[in-house]
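For chain A, the structure is supplied; the task is to place chains B and C on it using the hints.
If you read the protein sequences in the order shown, they are chains A, B and C.
Read in order, the letters of the first sequence correspond to residues 11 to 690 in my numbering.
Read in order, the letters of the second sequence correspond to residues 11 to 690 in my numbering.
Read in order, the letters of the third sequence correspond to residues 11 to 690 in my numbering.
Source of the hints: derived by calculation from the structure; they are not laboratory data.
Among the hints, erroneous ones may be present.
Unchecked claim - Here are the simulated lysine-lysine pairs, BS3-like style, with alpha carbons at most 27 Å apart:
(1) C:Lys542 x A:Lys542
(2) C:Lys193 x A:Lys105
(3) B:Lys105 x A:Lys193
(4) A:Lys393 x C:Lys534
(5) C:Lys39 x B:Lys534
(6) C:Lys368 x B:Lys566
(7) A:Lys580 x B:Lys393
(8) A:Lys66 x C:Lys184
(9) A:Lys580 x B:Lys656
(10) B:Lys542 x C:Lys193
(11) A:Lys440 x B:Lys368
(12) B:Lys534 x C:Lys679
(13) C:Lys368 x B:Lys440
(14) B:Lys580 x C:Lys656
(15) C:Lys580 x A:Lys679
(16) B:Lys368 x A:Lys534
(17) C:Lys49 x B:Lys534
(18) C:Lys368 x B:Lys534
(19) C:Lys193 x A:Lys66
(20) C:Lys280 x C:Lys184
(21) C:Lys368 x B:Lys193
(22) B:Lys368 x A:Lys193
(23) B:Lys393 x A:Lys523
What the hints assert, rightly or not - What follows is a set of in silico ranges between Cβ atoms, one per label pair, in the way DEER data are often shown:
(24) A:Asp302 x C:Gln604: 44 to 52 Å
(25) C:Gln604 x A:Lys542: 32 to 40 Å
(26) B:Trp334 x A:Lys393: 28 to 36 Å
(27) B:Gly166 x A:Asp263: 47 to 55 Å
(28) C:Lys587 x A:Lys393: 23 to 31 Å
(29) B:Phe70 x A:Gln569: 54 to 62 Å
As the list claims (entries may be wrong) - Facing chain B, from chain A, some residues (calculated, C-beta under 8 Å):
(30) Lys193
(31) Glu211
(32) Glu512
(33) Asp514
(34) Pro541
Every residue, glycine too, gets a C-beta built ideally from N, C-alpha and C.
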Amino acid sequence: MINKIKETRLLHGGDYNPDQWLDYPEILKDDVRLMKLSKTNTFTLGIFAWSALEPKEGEFQFEWLDEVFSNIQEIGGKVILATPSGARPAWLSNKYPEVLRTTENRMKMHHGGRHNHCFSAPIYREKVGIINRKLAERYGNHPALLMWHISNEYGGDCHCELCQENFRSWLQTKYANLENVNKAWWGPFWSHTYSDWSQIESPSSIGENAVHGLNLDWKRFVTAQTIDFYQQEIVPLREMTPDIPITTNFMADTHDLIPFQSLNYSEFAKHVDIVSWDCYPAWHNDWEETQDLAVKVGFINDLYRSLKKQPFLIMECTPSGVNWHDVNKAKRPGMHLLSSMQFIAHGSDSVLYFQWRKSRGSSEKFHGAVVDHDNSEHNRVFKDVANVGDALEKIAEVKNSMKHAKVAILYDWENNWALNDAQGFSNQTKQYPQTLQKHYKSFWKKDISVDIVTPEQDLSQYSLVIAPMLYMMPEEMMKKLREYVEAGGTLVSSYISGLVNETDLTYLSGWPKDLQAIFGIDVKETDTLYPKDRNAIVFKDKVYEVRDYCSIFENKQAQALANYEMDFYKGQPAVVKNQLGKGTAYYIGARTEQAFLDDFYDELIKQLSVGENMGILHEEGVSIQIRESEDDKYYFVMNFTERVQKIKAVNEYIDLLSERVLAGEAFMKPYEVFVLKMKK
Amino acid sequence: MINKIKETRLLHGGDYNPDQWLDYPEILKDDVRLMKLSKTNTFTLGIFAWSALEPKEGEFQFEWLDEVFSNIQEIGGKVILATPSGARPAWLSNKYPEVLRTTENRMKMHHGGRHNHCFSAPIYREKVGIINRKLAERYGNHPALLMWHISNEYGGDCHCELCQENFRSWLQTKYANLENVNKAWWGPFWSHTYSDWSQIESPSSIGENAVHGLNLDWKRFVTAQTIDFYQQEIVPLREMTPDIPITTNFMADTHDLIPFQSLNYSEFAKHVDIVSWDCYPAWHNDWEETQDLAVKVGFINDLYRSLKKQPFLIMECTPSGVNWHDVNKAKRPGMHLLSSMQFIAHGSDSVLYFQWRKSRGSSEKFHGAVVDHDNSEHNRVFKDVANVGDALEKIAEVKNSMKHAKVAILYDWENNWALNDAQGFSNQTKQYPQTLQKHYKSFWKKDISVDIVTPEQDLSQYSLVIAPMLYMMPEEMMKKLREYVEAGGTLVSSYISGLVNETDLTYLSGWPKDLQAIFGIDVKETDTLYPKDRNAIVFKDKVYEVRDYCSIFENKQAQALANYEMDFYKGQPAVVKNQLGKGTAYYIGARTEQAFLDDFYDELIKQLSVGENMGILHEEGVSIQIRESEDDKYYFVMNFTERVQKIKAVNEYIDLLSERVLAGEAFMKPYEVFVLKMKK
Amino acid sequence: MINKIKETRLLHGGDYNPDQWLDYPEILKDDVRLMKLSKTNTFTLGIFAWSALEPKEGEFQFEWLDEVFSNIQEIGGKVILATPSGARPAWLSNKYPEVLRTTENRMKMHHGGRHNHCFSAPIYREKVGIINRKLAERYGNHPALLMWHISNEYGGDCHCELCQENFRSWLQTKYANLENVNKAWWGPFWSHTYSDWSQIESPSSIGENAVHGLNLDWKRFVTAQTIDFYQQEIVPLREMTPDIPITTNFMADTHDLIPFQSLNYSEFAKHVDIVSWDCYPAWHNDWEETQDLAVKVGFINDLYRSLKKQPFLIMECTPSGVNWHDVNKAKRPGMHLLSSMQFIAHGSDSVLYFQWRKSRGSSEKFHGAVVDHDNSEHNRVFKDVANVGDALEKIAEVKNSMKHAKVAILYDWENNWALNDAQGFSNQTKQYPQTLQKHYKSFWKKDISVDIVTPEQDLSQYSLVIAPMLYMMPEEMMKKLREYVEAGGTLVSSYISGLVNETDLTYLSGWPKDLQAIFGIDVKETDTLYPKDRNAIVFKDKVYEVRDYCSIFENKQAQALANYEMDFYKGQPAVVKNQLGKGTAYYIGARTEQAFLDDFYDELIKQLSVGENMGILHEEGVSIQIRESEDDKYYFVMNFTERVQKIKAVNEYIDLLSERVLAGEAFMKPYEVFVLKMKK
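Same shape as in the complex, but just chain A:
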């Protein structure tokens, strides 16, 4: 693993597609001029360039790329070189139709789009291998080459016969025999016992899609198969460029920016040198406040940072709007700098854009870019970008610095799969990732660093671990949580936890004994409420609204912190605290409003001293995130509101951006950001 990039600057730049402009030499020339003006330094080349690199089978054209490499090198820039497997030339699909995907309802796709090749097809692997090797041969030693970018936004699945065979092999390796499969998937239900491996097929809306064990294993297989494809892609690169780090760009899902759900990035992250990802928040939308969206951006960046516990890269973001949201609104003045600094604040060492230049045609021509169709440095967006370039130079010293958290929130991809697939509760209100965002928010508001960790990670370093809604909880996870608490940790869990094991089989004989030991209760029922239903809990004499879910449990030895106010379980405990060994565990039985979480965690924060006294007072909507190098601390003070905010600094700080000293009262303009430096 190569966990550092050979580059001292924070990366600034993005996807550059000169292959679209080979007929426009004046544009290519202007690119170089504008690169310098925009204070960019890094460009991702070749993402969808296969047609330009290999216009006919076996006939390669690298001259245009050679020249772009040279041009970038001449201005001191760096190249992130992509393998082109994300989209293939038409000749390839036509000659080798096995590279085309088969949909879940067993329709063979036609050529078109992108990100839609079969991960099994040997010929696709072979063709990708050839061109990747050619790229490594030609550019592996180029001084401008900084990093490899494998394919683009891997995702999706294929249901062709080859993939079915690979799925069956994967299952054979995992389960050894069909008896084990039938046990794990609860085969006898609806007579679904398999008597021959060939009977197993991937989930389908015109076949089987309600066997949770099958669905779960198919999702695991898709992750495994995608990684397998990725690993085959990198063979020639590792061989020829052992010192060049390798990444592939991850994604988010939905307007809520929840972690991408189709692949388990917790697994995938093990195979990349550096995590990079594409972040597209819908700033200035009309359904939430700016600070609420900032919380979501913070959450997912902290997750992707925590995957490897090292700085990551923003591989794509937009300097203005995108073209694929329902409403594609441009960033307001100040937002581009603020949102760029937020990435850095949460651990990114880059601000890279999709895209350098807006294409002239096809579906992404209105996606925001550094260079607009006007080819000019005088428009608002270009100036915003140059401004960010300037800022990144000023704060370059934060590069490689890290975040240190005493609080961890647990996010489990597989739990999300299993819970979403579960038939029960209410589909509209499961919202596992969104629930974690709400817990995270209580800490964000108080400027407390949080790691978002995955199940395999070590918990012992944290004072507080928050693991709500772990519907699927393998026994080893229970043991791990129990040991964590017994050793002195503080654990918070919630409703809908500990119901099934790793193959989605429920635990028998009641709530697992380990969980009963940890929380001092025995969960009896999970009440699922209709959207208009409400309950309430009382915690420290204050009433908090409850909706969606209420756990009803028998209190065995815990201390009740809050009780229900209504319904047939009125007066019964809703939130409890339990001592186990040297530690403490809390169980939040109901889905409460945000105010409860804020007040509840406020207590814990004080008790556990997980906050840090930065000596900067502010009102709601301002957020402070910290990065630390060996000697210094950097406080990113960010105003995520549309109003002037007064802050009060107890100490003296240097704002790296304005290069002024901050002390005492200060005013922050809407969207303003300070990067304050403190000696440790």
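Positioned in the frame of chain A, the structure of chains B and C alone reads:
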């Protein structure tokens, strides 16, 4: 036909799937222990057990089932034995793919799911025949065998070439020649005249789906073909167990609990010995009051009871929540007893559950059950079940008693098909079954027994027949209604009636003469309103809101009871009364609010003396339903509200549940139920 | 081209399908009787009669049609004879399955429906050719034959291999070589460069559907291929009946009655002698006022009239309701006459109905018709029709008179395609045609005649040209607009204009220079707002609300007329005026409320004197439309409100309908209409 079960107890128990637990001997042992504790006595076995019974083609394993039979027999229990055709083993689909369905858009399905075999495939009929015969041979004389349960929740259709051929044969039998088909389906429209039988194909979204006659006959064929399959299933059972009654479980549709629409149960009921069905109301939802849902439950149970005019069985219900509603909320304390007693009150001789024990895996593992994953008798649901078991023992004498109604509401499955398929009016507001529920509600509120009858049934026994929205009315139905009125009956009909004949051809030369004679009017127009449109009628000086539909008619000889208040037909009659022979007919021209129906029927109830003086006064939300044996009457007094209700008893009654005397004022707790016994 | 029909009467009548009633001779006899009573004179025959005309391949039956022709001729009626290609007999689909369409996701359709044949299949063209020739031979010289009606409501597309080949040939003709295709479609994007013609396939949801150039050319091809099919249909007709005019019926889309989007009628209109179309407004709906819908009806009729700048025909409308709206509400008293007169007022020389008689069966049996299932002349709808027949006779002299407009609004079918396909802005709010309706409304309210012209038409005759939202603007269109202004014209344009060329490639180097010259500004950004976002502009001291879109531009030499009130472009110009040569150009940068357009155009109307002093004063909701013959003007004064309206006539007029003189104050009943005649 065998219309009585050889069992004196009310049945209590449900679907039991030991085949899922063959690897868990301690669970199987616990089942026996818990069966006794839960006061259950009847278990449905083998519903999806084909894989367990015939793990490989021709290799049968009955030992496990033998043992379960013995265990149940030992505790005095009874078995309802299912044929396993509702789900087939994977080896069967793989070896004989013709058993798989073809969808309406002509996609061949893959193996998976359940309830999805082709009803035509000879090999499936053969394989089902073999295993059914084996079951009959082995268990036909078993003393615990109470009844046969054929397959499970028959439904759906198949569009494979074999089904097409069967459809054509069915049409040939019905129509003799193509000329008749073309006339019946109005062939020349859009040049749809058929010149060869092979041109006829089932309705399809990628072919023809707008020829109403074709659609209607396809639905009729699907019912016929399903019954044909069912009849082949029962051949070996009738042959070997001529004294064992046979049933199959019926269903409901949508949140409104309207009668299942895909099959005409009026036809199907002729072929079963005892009607049984699966009832899953969404109690405690957030869009209607409990009593409104109770009305819907009452309506459909009265319909299924009336299909054979004998006690029916609740084959499935849940002791808590289900897992397939949008929100799966558990029953509140008291509701399980109340809702169970409601089934009995409307004529059920059972409370059987899906399911005895929650499965450990797959899609239904969170569906409510008697035994939860905790395997314990100490949780709320188990205790509720045992409580119902206790109640059923106390009221065992109501078994085989019946309901006697002087009021009938007509429900016609085929009319519902035709009306829903009609292009015209407004699709959102047709709501034929829901409209019947509203008429039914006026009687439910007044504790009046109602039969819900189907077109073939005799009407002469009723003082009042209500037949609204009979869009499709064959001439024989008009004659039947005319004779009923002429002989002294009272008939109520409404807007959108008498428009088309049995092949969906409109009547020509105006509203049918028979209907004009019955109602004394000639209907000229049906005004279809937009959702926000309103009109009103005045009836006995009171104004009632009208929406959706307004008939405009010429009053020939009727007496106007209410007139329109608005629009271009202001002042014209909306509700009329007509004398014909010894009887009276009413036509309600507009869709009114519930209050009008209540007030309108109030008059009729008094005039016709169809109410019964039970001597129990109560407020709205309490419902009383009556069952009668030769000597006794049983008043089920049910509080379908969340508040304490005061009732006043004029006579003295014994409450079989509390075993106390009820007289004078009494208070009912929320959801409380009394079962009062009176000597006739 | 034959641009006049040989008939002095305004056409009144409609689609007549005696082929559905050949078994009902008494109905056919009644038709003749009722035709006379209804004052109808023209009947469209044979639209879906192929099965009746050629029941078996090569066996023709014309006797029934002969008789209908005779019957109509005997009562002085005329026939519009349809070619039957809109629906084919089942024998044809079964013997020649290549006539069936292939869907965009490559499913072969089955026989059924209508309007769904492949436009490429040689055998279909051959079979249509044969029957069309037979019809021309037999009826070409019949004195009752007035016009040919080709097929019915052409629409849709086919993706079969033959259509793919035709598409490729069409592209080869257009682009000569693949290099040009790749350039035009921005091939290198996502590696979409084609290296062989066979790689090009029509857009598909399971292949490629995001290449805008491909999508656009496919739509163009579909129009071309449809016209090609049409042209082959008319070969025998032109040959044998050179003096009989030919038409095909056009359509509208959506509840907003926007121009039909699947075909470019601007192209198609060149190939018909007379434009005819089918108009189905949802009168009396619950989401807009009657006058708002009247505006939309006016807009589209003015467009279809302007296609050939000659009177057109309403080929289909309904005398009451339809059967395919969500809610099928009948016309209120007065509305049928009013809405019929509105057609005439906007340039129609006919009121023809779908349909003469309601069919007895199948999907359109409840669609409004002159003759209802009661077969009677005594119902409301029949009397309304006869009333319209009477009115049409009274105003017969308006036939062939025209409308003269000094104002033109530009509608571009291809621009609508490109804009809707564009990924960017907000899909919910693009609404190009609806935006034009709003501009049109400002003139409708002031009784000013407007032509809706298409890009190829001459603009020089207009004082004012309004061309908003021309997202796709080829250079020649810019030149045309520039010349128009320079020569003294007044032009109004808006946000989202001039972004891409005719293959959807963006203009480079900023907003096109021609546009900068015309409007005196350089557009920098288009701000896209979320639905709840609002801005405002101030124009002449009045504040107007703004939503959806705001252009931000640099004012180079224009005069600012209105500025933004909010957001980061507060104070910047939103509406500007620029002088160029002898003319003036206005750019409206924001999507404003209607009131701004009204006030803005009020000024222009006065300045340019494009209004006409008719001497009739009225309030909002009354509309006046003018037709002019050589000697006379006809003022159609129409009350599109539900209330009595007072109007004031400065001059004296004769109302052709009431045959009374109108002068001074007069009152119009709800929905009343006057047709006032004035000597010029």
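Okay, the hints, checked on the actual structure:
1. C:Lys542 x A:Lys542: Measuring from Cα to Cα gives roughly 24 Å; hence the hint holds.
2. C:Lys193 x A:Lys105: Roughly 23 Å between the alpha carbons, so the hint for Lys193 (chain C) and Lys105 (chain A) holds.
3. B:Lys105 x A:Lys193: Between Lys105 (chain B) and Lys193 (chain A) the Cα gap is close to 23 Å, so the pair holds against 27 Å.
4. A:Lys393 x C:Lys534: holds, 13 Å
5. C:Lys39 x B:Lys534: holds, 23 Å
6. C:Lys368 x B:Lys566: Roughly 25 Å separates the two Cα atoms, so the pair holds.
7. A:Lys580 x B:Lys393: Roughly 19 Å separates the two Cα atoms, so the pair holds.
8. A:Lys66 x C:Lys184: holds, 24 Å
9. A:Lys580 x B:Lys656: Cα-Cα ~25 Å, so holds.
10. B:Lys542 x C:Lys193: violated, 53 Å
11. A:Lys440 x B:Lys368: holds, 21 Å
12. B:Lys534 x C:Lys679: Holds, at about 25 Å.
13. C:Lys368 x B:Lys440: holds, 21 Å
14. B:Lys580 x C:Lys656: holds, 25 Å
15. C:Lys580 x A:Lys679: holds, 17 Å
16. B:Lys368 x A:Lys534: Satisfied, since the Cα-Cα distance of roughly 14 Å is no more than 27 Å.
17. C:Lys49 x B:Lys534: holds, 22 Å
18. C:Lys368 x B:Lys534: holds, 14 Å
19. C:Lys193 x A:Lys66: Cα-Cα ~18 Å, so holds.
20. C:Lys280 x C:Lys184: holds, 20 Å
21. C:Lys368 x B:Lys193: holds, 16 Å
22. B:Lys368 x A:Lys193: Holds. Lys368 (chain B) to Lys193 (chain A) sits at ~16 Å (cutoff 27 Å).
23. B:Lys393 x A:Lys523: Given pair Lys393 (chain B), Lys523 (chain A) holds - Cα atoms ~23 Å apart, limit 27 Å.
24. A:Asp302 x C:Gln604: 44 to 52 Å: With a Cβ separation near 35 Å, Asp302 (chain A) and Gln604 (chain C) fall outside 44 to 52 Å, so the hint is violated.
25. C:Gln604 x A:Lys542: 32 to 40 Å: holds, 37 Å
26. B:Trp334 x A:Lys393: 28 to 36 Å: violated, 56 Å
27. B:Gly166 x A:Asp263: 47 to 55 Å: The hint (47 to 55 Å, Cβ to Cβ) is violated, given that Gly166 (chain B) and Asp263 (chain A) are roughly 34 Å apart.
28. C:Lys587 x A:Lys393: 23 to 31 Å: Given a distance of about 29 Å, which is inside 23 to 31 Å, the answer is holds.
29. B:Phe70 x A:Gln569: 54 to 62 Å: Because 58 Å falls inside the window, the suggested range holds.
30. Lys193: It holds, given that the least Cβ distance between Lys193 (chain A) and chain B is near 7 Å, below 8 Å.
31. Glu211: holds, 6 Å
32. Glu512: violated, 12 Å
33. Asp514: holds, 6 Å
34. Pro541: Holds. Min distance 6 Å.
The structure shown violates the earlier hints numbered 10, 24, 26, 27, 32.
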